[in-house]
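Asker: Chain A is fixed; fit chain B onto it per the hints.
In order, the protein sequence lines correspond to chains A and B.
Going by our numbering, the first residue of the first sequence is number 1133, and it counts up by one from there.
Going by our numbering, the first residue of the second sequence is number 1133, and it counts up by one from there.
Heads up, a few of these hints could be off.
Which copy is meant is left open, because identical chains are indistinguishable; a pair holds if it fits in one copy or across any two.
[Said to hold, decoys possible] The calculated lysine-lysine pairs, modelled on DSBU-like cross-linking and capped at a C-alpha distance of 30 Å, are:
no.: 1; residue 1: 1394; residue 2: 1571
no.: 2; residue 1: 1467; residue 2: 1377
no.: 3; residue 1: 1393; residue 2: 1138
no.: 4; residue 1: 1294; residue 2: 1229
no.: 5; residue 1: 1593; residue 2: 1393
no.: 6; residue 1: 1138; residue 2: 1397
no.: 7; residue 1: 1374; residue 2: 1467
no.: 8; residue 1: 1203; residue 2: 1333
no.: 9; residue 1: 1467; residue 2: 1203
no.: 10; residue 1: 1179; residue 2: 1394
no.: 11; residue 1: 1394; residue 2: 1138
no.: 12; residue 1: 1373; residue 2: 1571
no.: 13; residue 1: 1229; residue 2: 1366
no.: 14; residue 1: 1393; residue 2: 1179
Keep in mind the hints are simulated off the structure, nothing from the lab.
Keep in mind it's a predicted model, so treat the numbers as computed, not measured.
There are 2 protein chains.
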Amino acid sequence: MNVIFKLSIILAVFLLIWFLPVPSGIEPNGIHLFAIFCATIIGLILKPVDMGGVVFVGIVITALTGTLTIKESLSGFSNDTVWLILSAFLISRGFMKTGVGKRVAYIFIRLFGRTTLGLSYSLIMSEFILAPAMPSNTARSGGIFYPIIRSLCSAYGSEPDKSPGKIGSFLILAQYHADVIISAMFLTSMAANLLIAEFTKNITGYEIQWTTWILGAIVPGILSLLLVPLVIYKITQPEIKKSAKSKTIADEELKKMGKMKKNEKTMLVIFLFILSVWITSNFHNVHVTTVALFGVALMIILGVLNWSDILGERNAWDAMIWFGGLIMMADGLSKYGVISWFSGNVSNFLINFPVSLALILMLVIYFYSHYGFASMTAHITALFPAFLGVAMSAGAPPLLAALALAYFSNLNASITHYATGPAPIYFNSGYVDLIKWWKIGFIVSVINVIIWIGIGFPYWKFCGFW
Amino acid sequence: MNVIFKLSIILAVFLLIWFLPVPSGIEPNGIHLFAIFCATIIGLILKPVDMGGVVFVGIVITALTGTLTIKESLSGFSNDTVWLILSAFLISRGFMKTGVGKRVAYIFIRLFGRTTLGLSYSLIMSEFILAPAMPSNTARSGGIFYPIIRSLCSAYGSEPDKSPGKIGSFLILAQYHADVIISAMFLTSMAANLLIAEFTKNITGYEIQWTTWILGAIVPGILSLLLVPLVIYKITQPEIKKSAKSKTIADEELKKMGKMKKNEKTMLVIFLFILSVWITSNFHNVHVTTVALFGVALMIILGVLNWSDILGERNAWDAMIWFGGLIMMADGLSKYGVISWFSGNVSNFLINFPVSLALILMLVIYFYSHYGFASMTAHITALFPAFLGVAMSAGAPPLLAALALAYFSNLNASITHYATGPAPIYFNSGYVDLIKWWKIGFIVSVINVIIWIGIGFPYWKFCGFW
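This is chain A alone, in the form it adopts within the complex:
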């Protein structure tokens, strides 16, 4: 397909939606923004120019057509999640530059490197252990695990441009999807889960306890965590599957590296400092992005990174523009009534079905509506109360409906590369192209939906949720 043809398709989508009759309840700007959002997403798939360029043009169109003010159009660039993502790239850069990433990678390889699958499970296990104490999944998976995994890929000689299939695309995808599942499993493993508990209390009167949450999640969660990496393994077929000599090789490499150098130590201390401040955030309430940026500031002051390294971190600027632009548009869709119009229609539609079918349909719609969101928190804020309300008035068991929606609020992040903070980080590593990301995301989403409905519902009966 040549560029002109691709642009024509994008333009056609844009014009078609732009000139739709405006339904009552949506402001005209809402429909116009929806037109720009859809055209941008189509643009991401068709790629007439690079992804960043597509979103850049989308942002400009929001301002040029007067759909948003220039202030609103640019608002994504000061979004705190965007700057947390930037920080993750810079922490990763510090990891690679000082060599500490390589060292940590070889330690992981020595311990768990006998098989690629085992390595991945051990990384996932590590994130699982940290999760209850780190509610920001962007900080946890993007700030802590991404730097390690990125270094691991390089240690295995798997680079995004030359040899992504060696091991990189598998490790990246497995960790990302595991992060999404882990986020669903604890009341405290994703920031907005606490918001869900709050909404549920207000709407149903039930207080979801930490223990209730994990009780409901543990069985389907463990199943998903075991199965999903395996499926990704089968699909991506990493060239490096096992290496009997991994321990020897790692030992040799570590020996070659010798003692830790000064910059390596500095970076490691900063990394552990960031980690410990994140884990203790309950006690001091310093914003997760502030901590990350402070870590980067320390890296600058202590000379681990110089300013030129930062300006040269293209992945960071790229993510800032495309993710910042998408998060801005998605926010606007809520603001101009598109989302509430959507939930109203869903409610009208579901009223025709018996309660059990209505609940399942609702969960599936809720799940896949995440194609329109660039943040779990935004999705939860915009749709969770409305959907739980619909379930209640349809007569669904309150705790069942609340928890199922709660889990799905996290699991839905598998589907896109902009679904939640860690997505742009893992995606922008460059190991997996967009089409593959979306395809595998969809496959994983189906697996998760089947597990969490098919096994979840009977299991929750057993738990006494309904």
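Answerer: Okay, now just chain B, sitting in the frame of chain A:
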């Protein structure tokens, strides 16, 4: 001076101001932000790390100390002036990449290149002609003239890292300071001049006409425009002073370049399109930043720049962070009462002087208080009404006070590299280091103050302003 020593000085300044007793009228956050701002400025001068790094740390400290919320701390990155500056860098990149910049440069050289001084005056003259129709001085000088001048420097073989003294530092400084003077000369050559007219009407009842404004500005303005480039020429001593063969060389180079290539034509059309939309902004009201970003979007779609060019434009990301950070802090100083506390104290101080001396003192204080601002508009909004009010109650002639303040509102932008939108653009070209920028800025400021008070006041008597 080693890094530790520099950091200690910065820390000392920070702590000293941080723990000052909070004067009534300022919120504690105001004093804290002032401490961070001053420490950042000292940091810019001492440079323990690169400028961007200094401001980055400053931004982090605003959030880490709880002086600002993380949202406020990051707000500079979605500032529309910041994105206009980014666009200017990208337009300039398109100019250089396609070769159209080189072509325009050689045409300028052929016409005016016999002497370096003549070349500079011709560029200044061109900006003067455009000025009445382009109220955004950032768009005008940064978006239109910076790309041309940057290409001119390269055409002369003057590059920022190797040979800035050849001609680059002179052309850059001369045009920047001319832009500042030109901004002062027309009611419509700087966006906030219209705001000044509005304030003046509300406070004094006088309506400043377009003709009144230029009448008062034409004599001191022309003097400044003639003298200032000459002084900069003497200070910077460009190695290339005259070239008798400039016409021949330019002809040859243009011949070598041959006919315009497709990308060159595309870039030129986009450039002229941006220019014409900017000039006609009275009729359509599209925001100046939107126009610039749309120009960049066209460059992306039409293949003049690819996404990788944009991500690699380090100057742009650098300016975004350091200028975005400074503009955010300066905005905060107004918000938390530091600026109004300052203007109150000035008013109390001036009350002790006879009216003529009070007026002159006030003008000088108003001028140099611009060290604390990162935008003319912000300075005008925060201080113009208060200072004009003080002048009125001291018994100064209203039109004189209003116009003198009006001109000084623009001229004060000579002093720093963050004073107004074009400053970070010209400064980030890399031809002039910070100390030199500030030094020459101060010299130019003294010249302008002397001309506009020493010759301005008698001339304005003649004009009937007092």
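Asker: So, for every hint listed, does it hold in this structure?
Answerer: Each hint, compared with the structure:
Proximity of residue 1394 and residue 1571 under a CA criterion of 30 Å is satisfied in neither setting, with 44 Å inside one chain copy and 39 Å between copies. Proximity of residue 1467 to residue 1377 under the C-alpha cut-off of 30 Å is found in neither arrangement, the shortest distances being 56 Å within a copy and 63 Å between copies. In the homo-oligomer, the alpha carbons of residue 1393 and residue 1138 lie at most 30 Å apart only across protomers (25 Å), although the nearest pairing inside one protomer, at 51 Å, exceeds that limit. Within a single copy, residue 1294 and residue 1229 get their C-alpha atoms as close as 20 Å, and across copies as close as 28 Å, so both meet the 30 Å cut-off.
Taking the shortest alpha-carbon separations for residue 1593 and residue 1393, neither the intra-copy value of 56 Å nor the inter-copy value of 72 Å comes in at or below 30 Å. For a Cα distance limit of 30 Å, the shortest separation of residue 1138 from residue 1397 across copies, 24 Å, qualifies, whereas the shortest one inside one copy, 50 Å, does not. In this assembly of identical chains, residue 1374 and residue 1467 lie within 30 Å of each other by CA distance neither inside one copy nor across copies; the values are 50 Å within and 61 Å between. Taking the closest pair of Cα atoms, residue 1203 and residue 1333 come within 30 Å of each other only across two copies (28 Å); inside a single copy the shortest separation is 36 Å, beyond that limit.
Taking identical chains as interchangeable, the C-alpha atoms of residue 1467 and residue 1203 lie at most 30 Å apart whether they share a chain (15 Å) or sit on different chains (19 Å). Taking CA atoms no more than 30 Å apart as the test, residue 1179 paired with residue 1394 passes between copies only; the shortest distance there is 23 Å, against 44 Å inside one copy. In this assembly of identical chains, the alpha carbons of residue 1394 and residue 1138 lie at most 30 Å apart only when taken from different copies (22 Å versus 52 Å within one copy). Taking the shortest alpha-carbon separations for residue 1373 and residue 1571, only the intra-copy value of 22 Å comes in at or below 30 Å, while the best inter-copy value is 63 Å.
For the identical chains of this complex, residue 1229 and residue 1366 are neighbours neither inside a copy (33 Å) nor across copies (45 Å), given an alpha-carbon limit of 30 Å. Taking the shortest alpha-carbon separations for residue 1393 and residue 1179, only the inter-copy value of 26 Å comes in at or below 30 Å, while the best intra-copy value is 44 Å.
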